[in-house]
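Engineer: The listed protein sequences correspond, in order, to chains A and B.
If you're matching positions, the first sequence starts at 1 in my numbering and goes up one per residue.
If you're matching positions, the second sequence starts at 112 in my numbering and goes up one per residue.
Calculated from the structure, these hints are not laboratory results.
Please note that the accuracy of each hint is not assured.
[Claimed, not checked] As a list, the in silico DSSO-like pairs of lysine-lysine whose alpha-carbon atoms are at most 30 Å apart:
hint: 1; chain 1: A; residue 1: LYS64; chain 2: B; residue 2: LYS116
hint: 2; chain 1: B; residue 1: LYS126; chain 2: B; residue 2: LYS169
hint: 3; chain 1: A; residue 1: LYS41; chain 2: B; residue 2: LYS169
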Amino acid sequence: GAVVSQHPSWVICKSGTSVKIECRSLDFQATTMFWYRQFPKQSLMLMATSNEGSKATYEQGVEKDKFLINHASLTLSTLTVTSAHPEDSSFYICSASRRQYFGPGTRLTVT
Amino acid sequence: QQQVKQSPQSLIVQKGGISIINCAYENTAFDYFPWYQQFPGKGPALLIAIRPDVSEKKEGRFTISFNKSAKQFSLHIMDSQPGDSATYFCAASLEASGSRLTFGEGTQLTVNP
Numbered sequence: 001g002a003v004v005s006q007h008p009s010w011v012i013c014k015s016g017t018s019v020k021i022e023c024r025s026l027d028f029q030a031t032t033m034f035w036y037r038q039f040p041k042q043s044l045m046l047m048a049t050s051n052e053g054s055k056a057t058y059e060q061g062v063e064k065d066k067f068l069i070n071h072a073s074l075t076l077s078t079l080t081v082t083s084a085h086p087e088d089s090s091f092y093i094c095s096a097s098r099r100q101y102f103g104p105g106t107r108l109t110v111t
Numbered sequence: 112q113q114q115v116k117q118s119p120q121s122l123i124v125q126k127g128g129i130s131i132i133n134c135a136y137e138n139t140a141f142d143y144f145p146w147y148q149q150f151p152g153k154g155p156a157l158l159i160a161i162r163p164d165v166s167e168k169k170e171g172r173f174t175i176s177f178n179k180s181a182k183q184f185s186l187h188i189m190d191s192q193p194g195d196s197a198t199y200f201c202a203a204s205l206e207a208s209g210s211r212l213t214f215g216e217g218t219q220l221t222v223n224p
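If we strip away everything but chain A, and leave its shape as in the complex, we get (with noise of 0.2 Å):
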């Protein structure tokens, strides 16, 4: 089946550093790819809507200059967090295709 890998798996920064998260589809071509951010027990909130090529759809309320999204090529997407603070501290998930098969999410802790 198709697989979504993500990377780092879990990373921990200081307050005013940035922090680069990768999502990679393994088996497949994504032309749209989707980020998302779950804090402890609670659902997923969708960021923003990646798509190769062009710029970055963001979501209502989300800062497109803290989250800076690249999605270069077909099977490669980033999110970077930049000038980070502990408010920022979540379980970042990606997602692609149409079917969104989901990445095993990368937790970002800012100290």
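Following the hints, complete the assembly by docking chain B onto the known chain A.
Structural biologist: Same frame as chain A, but now just chain B:
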């Protein structure tokens, strides 16, 4: 409206019992209704999905019942097992929007041995 309401928030079932989780949606244009299973620290995995042109879909121990007029759909897990203990999310999407999913709040299922 793009909301999907899910209930109950948590559910405890004995091994061998039936687990039932319900969802209601508002946007009648939604045309794809998946259910996801998520274990702690993992991403959601697609469990089963239905489209509004059928009223029921069964895959193994998992069944979706869909009521278009009531704008409701439910997940039934037959012969529930301890390994089914996880968080379950219903979702809905509009294919024309590029499969942008709207998730329910989630149900924490615990199946006791």
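Engineer: Each of the hints needs a verdict: does it hold here or not?
Structural biologist: Now the hints, each set against the structure:
1. A:LYS64 x B:LYS116: 28 Å, holds
2. B:LYS126 x B:LYS169: Holds, at about 20 Å.
3. A:LYS41 x B:LYS169: 28 Å, holds
This entry satisfies every hint, going by the numbered hints stated previously.
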